[in-house]
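Model the full structure from these sequences, guided by the hints.
Listed below are the residues making up each chain.
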Amino acid sequence: MEDVMIARYRGFLAIGLLIAAGVAVAVLLAGCGGSSAGPVSTTFTYDTYTNVMVGWDPSTENSNSIIALANVYDTLTKYNDETKEVEPLLATSWTTSPDALTWTFQLRPNVYFHTGRLMTAKAVKAAIERTIRLNQGAAYIWAAVKSIDTPSQDTVVFHLKYPGPLSIVASAGYGAYIFDTKASGSESLAKWFEAAHDAGTGPYTVQTWNSGQETELVLTSFPKYWGGWSGAHYKRIVFRVVKQDTTAAQLVGSGQVDFVQRISPALFASLKTNPQLQTLSVPQLMNLIAPLNCKSGPLADLTMRKAIAYAIDYKGIIAASKGAASPSIGIVPPGLWGHSDTLPTYSYDTAKAAQLLNSVGYGPGKKAMNLTLTYTQGDSSEQLVTSIMKSNLAKLNVNLRVQPLAWPTQWAKAQSTNLSDRQDIFMMYWWPDYADPYAWLGGLLATEKTPYWNLSYFSNPQFDEMAGRLEGVAATDMPQAIDLCRQMQIIAYEQMPVMVLYNVTGQFVALKSVGNLHVNPAYAYVVFVYDLEPLPS
Amino acid sequence: MTRYIARRIVLAIGVVAGVVILTFLIARIVPGDPAVSWAGPHAPPSQFAQVRRELGLDRPMVVQIIKYFEGVLTGHWGTSIHTHQPVLSDLSNAAPASLELVLAALLFAIAVGVPMGLISAARPGRLVDHTIRVGSIFGVSMPIFWMALIFQLLFFQKLHLLPVTGRYDPNVAFAHPLHAYTGMAVIDSLLSGNWPMLESSLSHLVLPALVVAAYPAGVIARMVRATVLDTLGETHVQMVRALGFSERTVFARFAMKLAWSPVAAVIALVFAYSLVNTFLVESIFNWPGLGSYAAASIGSLDTPAITGVTLLIALVYVFANLIVDVVQAILDPRIRLG
Amino acid sequence: MTDTAILAPSRLAVVRGHLRGNPLLLVGGIVATAIVLIALLAPLLAPYPADAVSATHPLSVLLPPSMSHWFGTDQVGRDILSRVLYGARVSPLIAVFVILISCVIGIPLGLAAGYFGGVIDEVIMRVTDVFLAFPALLLALAFAAVLPPSLTSTTLAIAIAWWPWYTRLLRGQAASVAGRPYVESCRTLGISRRRIIFRHILPNAITPLIVEISLDVGGVILTAAALSFLGLGAQDPTPDWGLMVSEGQSYFMTQWWLVTFPGLAILITALAFNLLGDGLRDVLDPKRVVKLL
Amino acid sequence: MSLLEISDLRIRFGARPVVEMDRLEVDRAQVVGLAGESGSGKSMTTLAILGLAGTVGAHVEGSIQLDGQQLVDLPQRAMRDIRGRRVAIIFQSPAMAFNPVFRVGRVFLQALKLHGTQSQSDAEERAAAALRSVFLSPDLLHRYPSQLSGGQLQRISIAIALALRCDLLIADEPTSALDVTVQGDVLELLRGLRDQKEMGILFISHDLAVVAELCDHVAIMRAGRVVEAGPTDRVMAQPQDAYTRELLAAVPRIVVTGANS
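First to last, the sequence lines map onto chains L, X, R and A. FYI, the numbering for the first sequence is 0 to 536, going by numbering that gives the first Met the number 0. FYI, the numbering for the second sequence is 0 to 337, going by numbering that gives the first Met the number 0. FYI, the numbering for the third sequence is 0 to 292, going by numbering that gives the first Met the number 0. FYI, the numbering for the fourth sequence is 0 to 260, going by numbering that gives the first Met the number 0.
What the hints contain is simulated information worked out from the structure, not anything from laboratory work. Be aware that a few hints might be false.
[To be verified] Label-pair restraints from in silico Cβ distances:
#, chain 1, residue 1, chain 2, residue 2, range
1, R, Leu58, L, Lys271, 18 to 26 Å
2, R, Ile205, A, Gln117, 55 to 63 Å
3, X, Ile12, A, His58, 53 to 61 Å
[Unchecked claim] So these bits of chain X aren't anywhere near chain A, every CB distance computed over 12 Å:
#, residue
4, Pro85
5, Ala94
6, Gly182
7, Leu321
[As the list claims (entries may be wrong)] Okay, derived cross-link-like pairs now, PhoX-like style, lysine-lysine, Cα gap no bigger than 25 Å in a straight line:
#, chain 1, residue 1, chain 2, residue 2
8, L, Lys145, L, Lys121
9, A, Lys112, X, Lys256
10, L, Lys511, X, Lys157
11, X, Lys157, L, Lys271
Backbone N, C-alpha and C define an ideal beta-carbon position, used for all residues, glycine too.
What follows is the structure, given as structure tokens:
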């Protein structure tokens, strides 16, 4: 009977097999095709893991978008992470009054905006004033500015309400871009920017933008760039969005992208041996912190906070992070003024942690304690740290309830007006808007009536007073400012409002053919492509 | 038949209304204040009250539902938090890529599932039948996100055979720009005779399509087997056999018309299921479709985007069901004349 | 044609006949039983039981498979074999709870719709239609996405997508039985509704219900794994297979063992229960068509 | 020589035997009843006669002779000429016996053409004539099965057998799905086929009352075996086998009169 059945279906089988064969041939044909590689490349392909452009407005943009915008816009000054000094960019020099209340910047002559207009003092003033007026994103960096004068075409004078390090502020990665405020003519400038236009003075200008596509953004050289185009430079920048870092590793391994922004430590280690690639480990001005709830719950008790601080296996976390993390001393990361290697610090000491816990009736053999920790859902590094923390604390009869939450939820929970809704331990990354320790000592720890970034809810009048003085002192007397930083960090050590788990090390992979590769930690993940030199591969 | 179809359409409209309400409710389950999500992570608290007013969150639930309906009907599906674009335009940008992937997967699935089902039905209970049945159950038991990873490991890392990221090589796209007629790279490159792009897009399509095909191939093989066995056992098929028609005639002329109907129906429904399965696969292959969009939305708790994708696929599913019902009504005289 | 009678059949022979004609049922049953046994005996079988709970070993992370760690270690140094074995307690348990919740919601609604008919039937079934208008995975995903990720959320989210199947099944059974003359006569004889439902309607529905449940286990396990993979389900350190694949994802190119073994566990479990369900369907309810998961 | 001679017929599914029939004969112009409860192997026997047992996965051994021609193991090609031309069948459920998506005329006319009718118009004429002789309007050919009653469909089945001029008609429970009044009409038609067309009819039924009314000879089947056979009035009046007696007892009242008129 089989013969009958087969005969019955022969026609249909034939059709099915034909389709199958056709598909198979297509697969083979397609599989055989390789990709082509060129000689000296003039295109720099930057691989990122998330959408490049969130917003286009240089006044308000405050996200990962600066990896593109920093190549399109210039700031007045630029922070050099090697010398830890601020260097000229659009401003060639600057002076400050002894009281640090008046700052005078000399502008670079013959600088043109991508719109064709000349950059003048009035244009600079207009740009910064717009940023201040819109008061979004990182606009608060200009909070000290009272007024701006333009005594001549290439001189800008800032008058401040209180002393501040304006030359550093002017180098900020966010909110400090100089742009042509007349770019849109009679149209609304905000709308004009939104349509993927740019009005910067930087080396590159927008060519195409395809939101949501893998090849999201293409920048091309601006011919009238003030730096000129003699010498070897990349003429085009392509931003490619690749969500999986394993895929990114494959792309850079096969030479299809020049630079990978983020990659897992394991992949980074595996690519180190590839002769076609260079790997770069750059300590970032960023650390992974865990603000402890000083206001409510068990951790309102200082003894508990200290016990927790002793309970964590920092070295283990760093070992498991496989090179993406380095130990931290103090709360200010290395690479910034105010950081010190001689500050007191907590280390993994189970006995001490147990003893502290026992002294308040918890810990091994006593009452069990429950703590809640929130971290940002989807962040595998944070997840890894929480796994180890949970395991460390379990040994001390402390049950850590780990809640991964999407950022808006995590943040809203921390700001909840109902104190019992708040977490005991928060986890997030922290980095400055400009190269300055104030972000940690002021932004993170100064008293806030309603919590915004102070998610340990820490409040200490002495500390607040010091934080209020810090910026002024920094602008006038650096050694004294460094000492102030030290004192504040000792208070933070004693009061333990924030656990610093580690300092983040950026692990970047690039093709060997990318010359002069440097990633400036003051500008998170920005590659200043103009400064690179394309080499033959 | 008109009455039957009309009833189907009325029911479908009712279901759609229910679907809209359900997605509205899903959006409201989010713990915490929706205004916080809408305003974005960097918004100062002062903005929340304003956002709440703008979104009508301060009004009664019924008003909100009506507003939501109005938005859905007029094409205002909200603004995505993670892309800052209107959700509907995000969806229409992403849909062609997913459509291309799912259609290719269904093609694979039909090419494999139909012959397998027929062979299986030809020798019920024999070794070949058991083998194919295990194979088809394998297909529906496959965690496809895992299969995607394993395929990448095998075909790219170990065999260096096929590309694993994106829809085509951007370098090829620079050299041979593609005109977007349909937004589906393979079809567009065919239409415009852009052979380098055709090669590039086909080779990028193969692996993700194979992975997405696993489930529908299994379902189709099982369905074909079941339907063919069912149909061939029917009395009316025995009747025509008893009248002396050859097996080929019996099958092609008399049984086919009945057997294809359920198979076609299952293919239409599996289409919507495969769209959902892309959620698990697209982001692994960096395929810029609805699945990647959904996965990114889920990661950032982008409620308008999550509800948008959910609504879109539910609508596709309801629509596919309706089409199947109507087509069957037209083809089947029992309904047509009843 | 319905006359496929047997000469002097014995009950045992029937069972043996089914198994011989259906080796897949046998294989599925054996593997499924083995998985249940593994779940029960995990503490005895796992070489490092603590690794499935809260232990971490930061100094022995990402070790390849060896004699001391057959499946290697993960990103925080835990023994993957131990976690995979303990994983047999997670996904199947989710499946049990999902099906339990679905039955608790779905069966009474289905019985009510089928038995009473009319407006009650119409309302219940239209609501059911709305839920069935989503592919199950989509609805579960949407709910899980907006709930805080946890095992409870996963279970609830999947159950929300699953109960309508049971309502629909029971409604069909109840409606067909409720229309039969003997039930009509029961009613006229004044026998209580409860008795009619429990004595006449439910027993008839048991067989299709068993088939439905056995077919669903595999589907629920896959759905739960998918949610965990997207980070919406169980959380570390729960030894959930989907979560393990998800966590191992960024290592799989260099440390393949992190995703391979938990993924295989999902595949084998889903396969075993689907084979079992398919086989039971063949034996108990051969007219049933293929169901989409 | 009888029209149909079955001897030592063995049908099995795999190793499981379902029919073991030692002897059964049907002559021209004779109605032979094959009775027994459902599941006793009657329908498998009919499929075996048509050479269709394989379609449900059964295996056939032994001898089935039609006019002396051995049908068991006859190649399918030759068997196809037997089916429809020599042997026709009427199924139990008329609603199931016609493909719901085709008009009934389609099967009818195509069958006629398959078995030698040259032109469409010839076929239509023959079909119309056959329909008229079962007291149906030829217009019914253009209807779908769902538009016809069970009795009408059963008569169409008979009309097909008639138009094809078959020698042997297998009627597999042709009346059990019909109303009592319609039953009578169909039985009358079958009698007509026997008496006027001299067809041999194998009448399968579980209903002894109907068998007694129509059949000349009867064979009682149980669990795949023929337990008793003989002229209908003899079997009805003096059943030899215990099972036959049991069956007869289950029939409310048997009107033996006119069984062999």
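Here is how each hint holds up against the structure:
1. R:Leu58 <-> L:Lys271: 18 to 26 Å: 21 Å, holds
2. R:Ile205 <-> A:Gln117: 55 to 63 Å: 59 Å, holds
3. X:Ile12 <-> A:His58: 53 to 61 Å: This hint holds: roughly 55 Å between Cβ atoms.
4. Pro85: The assertion about Pro85 of chain X holds, with a minimum of 46 Å to chain A.
5. Ala94: 35 Å, holds
6. Gly182: 38 Å, holds
7. Leu321: At about 21 Å from chain A, Leu321 of chain X clears the 12 Å cut-off, so the statement holds.
8. L:Lys145 <-> L:Lys121: 16 Å, holds
9. A:Lys112 <-> X:Lys256: Given pair Lys112 of chain A, Lys256 of chain X holds - Cα atoms ~21 Å apart, limit 25 Å.
10. L:Lys511 <-> X:Lys157: 24 Å, holds
11. X:Lys157 <-> L:Lys271: 19 Å, holds
The structure shown violates none of the earlier numbered hints.
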